[in-house]
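Starting from two chains that each stand alone, build the complex the way the hints lay out.
Going down the list, the protein sequences come from chains V and L. 35 is the number of the first residue of the first sequence in my numbering; add one for each residue after it. 25 is the number of the first residue of the second sequence in my numbering; add one for each residue after it.
The hints are simulated quantities; they were obtained by calculation from the structure and are not laboratory data. If you're wondering where the values come from, they're calculated on a predicted model, not measured in any experiment. Ideal Cβ positions, reconstructed from N, Cα and C, are used throughout, including at glycine. Check the hints yourself; a few may be wrong.
[Said to hold, decoys possible] Listed below are the simulated DSSO-like cross-link pairs for lysine-lysine, each with C-alpha atoms no more than 30 Å apart in a straight line:
id : chain 1 : residue 1 : chain 2 : residue 2
1  : L       : LYS195    : V       : LYS95
2  : L       : LYS222    : V       : LYS95
3  : L       : LYS164    : V       : LYS80
4  : V       : LYS56     : V       : LYS95
[Said to hold, decoys possible] Derived, one-sided and incomplete: chain V residues facing chain L with beta-carbon distance under 7 Å:
id : residue
5  : GLY48
6  : VAL49
7  : SER54
8  : GLU59
9  : MET60
10 : PHE62
11 : ILE63
12 : GLN65
13 : LEU66
14 : ASP67
15 : ILE68
16 : ASP71
17 : LEU99
18 : VAL101
19 : LYS104
20 : PRO153
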Amino acid sequence: MSWGFLELKFQMRGVKIVSSFKRIEMLFISQLDIDDDALKDFSQLKRLYKLILSDTHLTDKGVGLLVNNKKIEHLGLDGTIITDKSIQNLISFPNLKSLNVERTAITKYGYEYLKENLPNVLVLGTEI
Amino acid sequence: MEDKKVLKEVRNAVESAGGYIEVIHNLKEPDMWGLPGRRKYHAIGSIHLENCQIDRTIFEVISKLNKVESVFLHDSRFDEDDLKYLESVDMKLLDLGNVNLSNSGLAYVGKIISVEDIWLNENIFTDEGLDYLCDLSNLKALTLSKNSISSHGILKLNSVLYGLNYLRLNKTDFCDIALAEMAKRTVEFYELGISGTKVSNEGGKNSI
Numbered sequence: 035m036s037w038g039f040l041e042l043k044f045q046m047r048g049v050k051i052v053s054s055f056k057r058i059e060m061l062f063i064s065q066l067d068i069d070d071d072a073l074k075d076f077s078q079l080k081r082l083y084k085l086i087l088s089d090t091h092l093t094d095k096g097v098g099l100l101v102n103n104k105k106i107e108h109l110g111l112d113g114t115i116i117t118d119k120s121i122q123n124l125i126s127f128p129n130l131k132s133l134n135v136e137r138t139a140i141t142k143y144g145y146e147y148l149k150e151n152l153p154n155v156l157v158l159g160t161e162i
Numbered sequence: 025m026e027d028k029k030v031l032k033e034v035r036n037a038v039e040s041a042g043g044y045i046e047v048i049h050n051l052k053e054p055d056m057w058g059l060p061g062r063r064k065y066h067a068i069g070s071i072h073l074e075n076c077q078i079d080r081t082i083f084e085v086i087s088k089l090n091k092v093e094s095v096f097l098h099d100s101r102f103d104e105d106d107l108k109y110l111e112s113v114d115m116k117l118l119d120l121g122n123v124n125l126s127n128s129g130l131a132y133v134g135k136i137i138s139v140e141d142i143w144l145n146e147n148i149f150t151d152e153g154l155d156y157l158c159d160l161s162n163l164k165a166l167t168l169s170k171n172s173i174s175s176h177g178i179l180k181l182n183s184v185l186y187g188l189n190y191l192r193l194n195k196t197d198f199c200d201i202a203l204a205e206m207a208k209r210t211v212e213f214y215e216l217g218i219s220g221t222k223v224s225n226e227g228g229k230n231s232i
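Only chain L is shown next, with the shape it has when bound in the complex (with noise of 0.2 Å):
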């Protein structure tokens, strides 16, 4: 259960910001979430900061919390040195959707070790980052659309792939030799996107 003067801290600090948060009233019900009316709760399900501005202090106290199961921040705009803080706390899925997300924020992502679920997508990082990414043992999803990476960037991610059900590679340089070498490791998608790739018929036409 989280402090109540820390779960007031961080509601008021993301609707400051123009965001807004869901909370758990019930903690044997944790996956029922809801606005916080005047009803007491005792964890927050997710915070919604989706196109909003987004300065340092409010990373900081985001920090305090233990556990929140979601953050959306696409179509933010942070520094991404302040993504730093988000280390410490325990989530599930993150959105950094569209956040102008380069090599260096990576870095701070990939100790994001609780994280199950990522979206990546339209960001300016290269092959390079996602060598940051390969500590993420825990990931299930990853969304990696519309970014300049290559099917070397994405087989570097070799141990993760392995344990990804969903994978969203949508509008990259993804390439036939790269998905025959993913058939090879992955063990089940239940997702897979793979649309705008480079991907063919019969495969061997591209190289990696």
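Next comes chain V alone, as it looks inside the complex (with noise of 0.2 Å):
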């Protein structure tokens, strides 16, 4: 480990200091005071498989932030403020097997266009 990824490493604060634990596959950081600036550095977690975010600030712009996390297989966005803006970016998880949209602002029309194209994810929404 190089001094200067070291110093890095001690720069971050928060939750934001998850993004030092490289060789992360599964992450639960749900119930947390935390937004999307927590998920910045979230793509270098490239082995990242599962990822709880569910009851956060989380929006639109943060799942923006998650594309890049190819692995992701299990997604857990249930009580965030995500919109049916997000819905492009969900579906482009290329892993995905399971994602988790309850209690967000994703609309039944948005709920069912993500069934439709996520035919082999299992999908949770509220079905309004």
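This is how it looks when you write it as structure tokens:
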């Protein structure tokens, strides 16, 4: 580990420091007082396949920050404030197996679109 | 290889309490477990005593085993002093979730040196009890979720934290500063659970 990396690691604060755990595969950070900014460096987590962000202040911008995490298989976004604007990003995860968008601002039409376009994914949403 | 008589005794004891065992039929394939059935078996892979009332005699019988991969006791009721019978058994996984485990019970758990994965969620021990876990040098996975423990207690596990790959601290009082401290000490996490803790976006807003 280089000194430069160590320095960067210890400059990080709060949940952002999780980005320094490069080998992390499963991360559970629900019910935290965090927003999109927390995910700024998550694209470095190349092994991440399970990410649970339920009941945080995540928005559509935050979902956009995750699109480079190509290994994601399980994504928990229930109880966040994402909208139909996230749909194109959500259908772009190539390895997705389960997606939870319950209690979000995704509409009934958005939920139907997700289910249609992710036929092999278990999609949980709120049917209003 | 375990003594056949001991294997039978353990099976009968576990089943009498409403639990079951999974066995290893072929020692060349130690990861292949199955229910006992009629086939001959040579070792016990796992003991399942979840949701059971477990009396001392059952622990005494289990203590005759040299080795078992996993022991599942979550949601069971027993006298925590009986955990002393597990100290001599070589095991990799011990599940003690929601068993009313106090600091005194943790003292016995801390002597099961072989253990690599411990589930201690939803119990009644405190930061003080975590001292007993400091000698568990083989530990790779630790679950402490839903306990009344603070960052101070968790960081006391200094040497243990250094070897962990899986750490679950959901719904504890774990905070930003402790996360930063942990990042300095830990080799690598494969799994981290900090849901419902005090960890925030920027850090520094809370102290240990």
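Results for each hint:
1. LYS195(L) with LYS95(V): Roughly 27 Å separates the two Cα atoms, so the pair holds.
2. LYS222(L) with LYS95(V): holds, 23 Å
3. LYS164(L) with LYS80(V): holds, 22 Å
4. LYS56(V) with LYS95(V): holds, 23 Å
5. GLY48: holds, 3 Å
6. VAL49: holds, 5 Å
7. SER54: Where the cut-off is 7 Å and the nearest Cβ of chain L is about 6 Å from SER54(V), the hint holds.
8. GLU59: holds, 5 Å
9. MET60: holds, 4 Å
10. PHE62: PHE62(V) check passes; min Cβ-Cβ to chain L is 4 Å, inside 7 Å.
11. ILE63: This interface hint holds because 6 Å falls under the 7 Å limit.
12. GLN65: holds, 4 Å
13. LEU66: holds, 6 Å
14. ASP67: Constraint on ASP67(V) satisfied, holds at 5 Å.
15. ILE68: Check passed: Cβ of ILE68(V) comes within 5 Å of chain L, closer than 7 Å.
16. ASP71: holds, 6 Å
17. LEU99: Hint violated; LEU99(V) Cβ to chain L Cβ min 13 Å, cut 7 Å.
18. VAL101: violated, 21 Å
19. LYS104: violated, 18 Å
20. PRO153: Because about 29 Å separates PRO153(V) from the closest Cβ in chain L, which is outside the 7 Å limit, the hint is violated.
Taken one by one, the earlier hints fail for this structure at numbers 17, 18, 19, 20, listed in ascending order.
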